[in-house]
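There are 2 protein chains.
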Amino acid sequence: MQNDTYLAHKLQKALDHDNFETREGLKTLFKDSLFVPRYSIPINEERKLALQRLKKIVDKKLISIMDFERNPSRIFTAHEIVGQMDGSAATKMTVQFNLFGGTLLNLGNNALHKQKLKDIDSLKSVGCFGLTELGYGNNAAEMQTTATYNPLTKEFTLNTPNTLSRKYWITNGALHAHYCIVFAKLIINNEDEGIHAFLVPIRDKNLKIKEGVSIWDMGHKIGINGIDNASIGFNNVKISKDALLGNTSSINEKGKFESTIIKKRDRFLYVADRLLSGRLCIASMMIGASKYTLDIAINYANKRLAVGKKGKSDNAIFNFQLYQRSIMPMLAKTFCYNLALNYIKDVFANKIKATKTEKIILCCGAKAVLAWHNERVASLCRERSGGQGYLSANRMGEAIFGSHSGITAEGDNAVLMQKVSKELLGLEKNKSLTILGHYLYNKIPSFFKQSLVGIKFNKKLKNSIQLKLLKFKKDTILSTLAIDLKNVRSKGATIYEEWMYNQSDEIQLLAKSYFDYKVLSICDKYQKNAHKDIQPLIKDIKTLYFLSTMETNMSWYLTNGVLSRNEAKRITKLSKKYCKTISQKALLICKAFGIPDHMKLAPMYNDIESFNSFDNRGELIKESRNW
Amino acid sequence: MQNDTYLAHKLQKALDHDNFETREGLKTLFKDSLFVPRYSIPINEERKLALQRLKKIVDKKLISIMDFERNPSRIFTAHEIVGQMDGSAATKMTVQFNLFGGTLLNLGNNALHKQKLKDIDSLKSVGCFGLTELGYGNNAAEMQTTATYNPLTKEFTLNTPNTLSRKYWITNGALHAHYCIVFAKLIINNEDEGIHAFLVPIRDKNLKIKEGVSIWDMGHKIGINGIDNASIGFNNVKISKDALLGNTSSINEKGKFESTIIKKRDRFLYVADRLLSGRLCIASMMIGASKYTLDIAINYANKRLAVGKKGKSDNAIFNFQLYQRSIMPMLAKTFCYNLALNYIKDVFANKIKATKTEKIILCCGAKAVLAWHNERVASLCRERSGGQGYLSANRMGEAIFGSHSGITAEGDNAVLMQKVSKELLGLEKNKSLTILGHYLYNKIPSFFKQSLVGIKFNKKLKNSIQLKLLKFKKDTILSTLAIDLKNVRSKGATIYEEWMYNQSDEIQLLAKSYFDYKVLSICDKYQKNAHKDIQPLIKDIKTLYFLSTMETNMSWYLTNGVLSRNEAKRITKLSKKYCKTISQKALLICKAFGIPDHMKLAPMYNDIESFNSFDNRGELIKESRNW
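Protein chains in written order, with this note's numbering: chain L, 47 to 673; chain W, 47 to 673.
Quick caveat, the hints were computed from the structure, so don't treat them as lab data. One or more of the hints may lead you astray.
A pair holds if it fits inside one copy or across any two, identical chains being indistinguishable in the list.
List time: in silico DSS-like cross-link candidates among lysine-lysine, alpha-carbon distance up to 30 Å [what the hints assert, rightly or not]: (1) K646 x K585; (2) K107 x K646; (3) K574 x K623; (4) K585 x K251; (5) K94 x K668; (6) K520 x K615; (7) K101 x K254; (8) K619 x K520; (9) K231 x K402; (10) K405 x K355; (11) K514 x K77; (12) K615 x K517; (13) K571 x K468; (14) K646 x K251.
Treat the numbers as computed from the prediction; the structure is a model and nothing was measured.
I would like the entire structure built from these sequences, with the hints used as guidance.
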């Protein structure tokens, strides 16, 4: 037991990785009864609560926009921990600090902007991010809101010409925001100069809505209802020239538009830059939720009795293979994704060198893969927890709905995966067809067998083979897709058609395969440098991650002749074995997730018997029972 | 267009299958504004609404417990349609009419019981079903509630000795039920005679709770909050001898217990019989929800514009392969599962001959497979609908949470699949090892190639090959598992250990494979006898169902040497082709789901632009906007 505590502590340090004090600060703060979850409360209560909680967090200075300059990982870490306690507060925080605050920090270039900056940390100024429009959610570059410059008054006139161009889904917009960073086409001298960002006051200090601004509450959502999402319209609202954000575009003394960025598309990408860090904020919330959900579910499964050998209820469901085969791969993946996210946070913070393209690939991939993963973790944990998982008080539902939000917010997962693949292909574009051809699938078996000479699964599952197998899949799909696309071009067909109508499976699989491989290679390196006491355990976890990835992709390996039928069977057999191995360490791994008991108020984590020994009405605190 | 309307009408008749008037009656009733969905309302409003809606349905006599005797399919049909409108009302209905009413109808054997029967249809008597106990949800046979007979007073004393034995999750219990059918161990002369069912009044006419009964509201759930679930305890409540249900067990004049059923386990199964029809009720709700969700999502995807060739928003997302590969297999499966459910309903109603075991296999399988399927349909449709899918008003959330309820209610899906496999194995148990051995996996390739002589995928994908491929998998897994279990026994190890610790994947796969095959064979027969005008379309749908099933199980076919690498590639290619083929008929198929516009109030089905042109607060009716 001493040993387990020691190992859990070591593992936790590996997972927590950075900003230990901030983590501890947040966890300590969550002892405050304000953070006890409440369920059957009206939507306006839920929203008030989310703001109050966020206020407590900022009052303790546990997050600051200045972190982006000195310690960006701290922002992501805060998202992970706050997300475990209240997804709504975390989402309000991500808009306030990353989308709103981060944009202002990066692009604020004059006195007006800088003055607003200082009130962000304290929530004295609450902001929102007006990018998405109802009609252009999947094609922001086509947005219709305009900011037309009037050289006489030196003002912009902000206008949403129709319903489809209203800003939509704007977090913090319905109730709490004083400012909105509005994205609009900058029109000057009847010329459209592309999308720019403007700092626009939408409410005064007393939260009275400014003239010309119409704000409609979007109402009830399938989850995280503590967020006040709005539809916002601007009816010829005048804003000062100073409202224009960024130092790349400006209007000179003569009223002429100037920009250091030539392409309109690039001007848009410049101002929408915070979406990238936003994706790491979401990825952090997702990993936090996965750890939280698994911790509760696995602890419950260890106590929940079902039919034993003699028909009595004396065997914990955790012991059953059905449970282990469903949940242990999720546990191993969560652990490995966490190590990978730590690495990606370091890349973002420039602690690890990477090109801009590599950063984009990693941030987009992490957001997509971790959100999808969290959806599966939450759904499977709910299912394997039976009826208890269906009670709101046990918090599986929040994880399901939260993951759905993560899947499509700040870029639809599948579209981000397209972006990842596009960038990966871009890195290959200078290679000749001959080089790419090496990987062509009709040459795979012999090529592959050469590179794996003498190494067989029935011997040892070496790290190097694991890596080779995942890398080989990624490389092959990448090359095949590259060749197919090159051929299309040479045939005079369009890449657009090939991309959208014919290669969708391959595009998605490429991005996934890249991320699968990248995660394994990050974990591999991590393990090698880890403290020797935890190396064997990390190795086992990583191996189950690998085996589970192989099982998911088994038909690819078989169809492409990489694995023989016997090797495939061996992998399945090994995977079953490792599910058992990891199950023996599952509680230890959950402990390493470092979530203190006072944050795990779910009755099924604690004691469903005592929770159900009185008229609880499904609530944890008395005040919520009085509906 | 005329042609499409004609075909849709024909297809709808195939899907609707029975009780056309009841379907129409319900659909017409749903024009009543009471059925307009409301979202941000307090939980007690939601529950009141569910009861009011159910009351309207019964007032129109659109369901009756007598249907079980004359037309059981009508009950299931009502579940399908009511579930599309309000999952909570449908769940309250299933407890009132199937679990409570159906049990009373089947087991009511004296004047007391018969008198109550007549008030069920009108809801004058509302009932609930007290089977599950907090501590014994997965092992009801171990329940602790007792009904102890006192020969002096000729009464039973009903008692829940502790928290774990409180009746739990009892629908209709928290607010509306007058009666509870309580399952308890019958104790007489200090002998436990096994679990029996008792008709117990828990509230009087004015809904005042009876003495000794404690009812606690379970509060907020992750979905279908219109249901009033309760935890119910009995503190030495006296009930008359007449309360005992069923005519198999009785207490004679001398106060001696008698039963025509010898085994205690069988006495329990006798009284818990309604779980079987209950599973068809759930399966019906699930198929209704899948059709509803797909109809809304597919229609929206046909209107939702995204980036086209030139960067403008002028191409509907429905046209993209990403969309079609995700949603078209779901559409085809839903269609085929619906035909299969129609068949199973006929089996239940004895219109098609089947043994009791076959009935159990089909009902358990249908509930599990359709609930899992609905979860995938709802989650994928939500995801592919982006932000709109996240608004409660678009109803994707209800389908997700509803499916989660379906997955573990009235038997955890995975446990039901274990039951299916157990029954399938039971049917094989008299076969010798030699016969079973024919299928042994190391003999598969030659055996299989023999049976498929000369038939190749690159020629034509005949119906008979499709059937053979699915049947072969089922037979092989069945035989392999049977042999493995026989060997375990002969080695002196226990079946329990092998079943719970080693063969879980195989057990689950067997049940799924059986159902996959059964669905295809039902659809195959249906197609052959269908009107010639719809035969080609049904064939295409069925083929996509088959191809999608093959893709899911591809690694099995490859690992077991049934398919060559080229055949596997051919299947994937064909599946892509059929996704395209079916996409061209997708709106027609949705139309055949027969859901009238007044039931599809989701803004994304209708017109998101006009819905968002005013301050809707996420609600469809004005009354709900005033929070």
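Do the hints match the structure? See the list:
1. Within a single copy, K646 and K585 get their C-alpha atoms as close as 28 Å, which meets the 30 Å cut-off; across copies the closest is 52 Å, which misses it.
2. Proximity of K107 and K646 under a CA criterion of 30 Å is satisfied intra-copy only: 24 Å inside one chain copy versus 48 Å between copies.
3. For the identical chains of this complex, K574 and K623 are intra-copy neighbours only, at 23 Å inside a copy versus 46 Å across copies, given an alpha-carbon limit of 30 Å.
4. With identical chains, the CA atoms of K585 and K251 are never at most 30 Å apart, being 55 Å at best within one copy and 65 Å at best between copies.
5. Taking identical chains as interchangeable, the C-alpha atoms of K94 and K668 lie at most 30 Å apart whether they share a chain (18 Å) or sit on different chains (23 Å).
6. In the homo-oligomer, the alpha carbons of K520 and K615 lie at most 30 Å apart both inside one protomer (22 Å) and across protomers (18 Å), since each shortest distance falls under that limit.
7. Taking CA atoms no more than 30 Å apart as the test, K101 paired with K254 passes inside one copy only; the shortest distance there is 20 Å, against 45 Å between copies.
8. Taking identical chains as interchangeable, the C-alpha atoms of K619 and K520 lie at most 30 Å apart whether they share a chain (24 Å) or sit on different chains (20 Å).
9. For a Cα distance limit of 30 Å, the shortest separation of K231 from K402 inside one copy, 26 Å, qualifies, whereas the shortest one across copies, 69 Å, does not.
10. Taking identical chains as interchangeable, the C-alpha atoms of K405 and K355 lie at most 30 Å apart only when they sit on different chains, with a minimum of 28 Å there against 53 Å within one chain.
11. Within a single copy, K514 and K77 get their C-alpha atoms no closer than 47 Å, and across copies no closer than 61 Å, so neither meets the 30 Å cut-off.
12. Taking identical chains as interchangeable, the C-alpha atoms of K615 and K517 lie at most 30 Å apart whether they share a chain (21 Å) or sit on different chains (21 Å).
13. With identical chains, the CA atoms of K571 and K468 are at most 30 Å apart within one copy only, with a shortest distance of 27 Å there and 46 Å across copies.
14. In the homo-oligomer, the alpha carbons of K646 and K251 never lie at most 30 Å apart, since the shortest distance is 37 Å inside one protomer and 42 Å across protomers.
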